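Undergrad: The residues making up each chain are set out below.
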Amino acid sequence: MPSDRSPQELPDGLRLTQYGERPPTGEGFRCRLREEIGETEISLIIGDVDASAASMLVVKYLSPHAMTRVTSVGLLRRAGFVVVHSPSKTNRLHVSVFPPALPTGDQAEWDNELAKRFNACFTEASGGEVDET
Amino acid sequence: MSALPMMGNLAWAPAPGIDNVDVFDRFNGVPTLGLFSAGGERELFWRALGYVPRRMSIWVYMPLTGADEHHISCADPSDLLTGLVFRSPKERYVTVGIALEYRLVFEREWHLPVNADPRQLIDEMLVFLSEALDISLSQELPPARRELMRTASEAVRELSVC
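These protein sequences, in sequence, are chains A and B. So the first sequence is numbered by this note's numbering: it starts at 1 and just counts up by one. So the second sequence is numbered by this note's numbering: it starts at 1 and just counts up by one.
None of these hints come from the bench; they were simulated from the model. Worth double-checking, as some hints may not be accurate.
What the hints assert, rightly or not - Just some of the chain B residues that point at chain A, by a computed CB distance under 8 Å: (1) Arg26; (2) Gly29; (3) Leu49; (4) Tyr93.
Keep in mind it's a predicted model, so treat the numbers as computed, not measured. Note that CB positions come from ideal geometry on N, CA and C, so glycine has one too.
Construct the complete structure from the given sequences, taking the supplied hints into account.
TA: Set out below in structure tokens:
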């Protein structure tokens, strides 16, 4: 576990937790970016963190609707995602997940296929936003 | 408060003439906690509820005194809000805002409850917002604005019952 705000190299075996909230305060887990409203990365937390601890880290209080799911750095990387430690002032365990890099250097579009690939990396593929149509 | 949040602005940079935003935390790339400076004032922003239905979120803005800034600089970074927003030892005013897709659509000044724990604070804030939206809806509003306020009111009511 990092001891300060300096970004650390993340080994493939490291477990990562995603925070979400059940309805009505939430929509489950995000599985894609909403770039049109400013989302630039998917946030995860270093470690296998329970819902209460994740809630304190993310929303700063204990949400009764908090939920978590778990993956690993290696699973995400093997699926093509870019995974980096990106600590913030109040959450030094913050990890950023970005879409795979294209040969051109641009980021791949976070489309349905990528959303399904992202969900498949987790213990529970319950992201609610994959458009199956 | 000199740096009043304005409707239409980004929720984490809500006042005109902002010359600095210090992001303390973010989620999915969106700033969720930090400070901004505008008009010579420093103000804290915090996304109190980020997963509100219908792509809405609820934000708190607190003008900071020198003592508040000292508190922030000395506090455990993982617990900055205790003693400031949560369990505030004194009466003070903040602004609460509702954002649609992270653009402010509604804001009101609110009397922050004294010594409220997070759950109590959220509950009281939702009651206040529900009443404030009812007042807004009782007034003459352009149709598009009325629809927006109705949607916000429905979202807040959904949260209030859980």
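Undergrad: Evaluate each hint against the coordinates.
TA: Against the structure, the hints:
Below 8 Å, beta-carbon pairs count as interface contacts, and arginine 26 of chain B has one with chain A at about 6 Å; its hint therefore holds. At its closest, the beta carbon of glycine 29 of chain B sits 3 Å from a beta carbon of chain A; the interface hint therefore holds under the 8 Å criterion. At a threshold of 8 Å, the smallest CB-CB gap from leucine 49 of chain B to chain A is about 7 Å, leaving the interface hint in force. A hinted interface residue such as tyrosine 93 of chain B counts as satisfied when its beta carbon comes closer than 8 Å to some beta carbon of chain A; here the least separation is about 20 Å, so the hint is violated.
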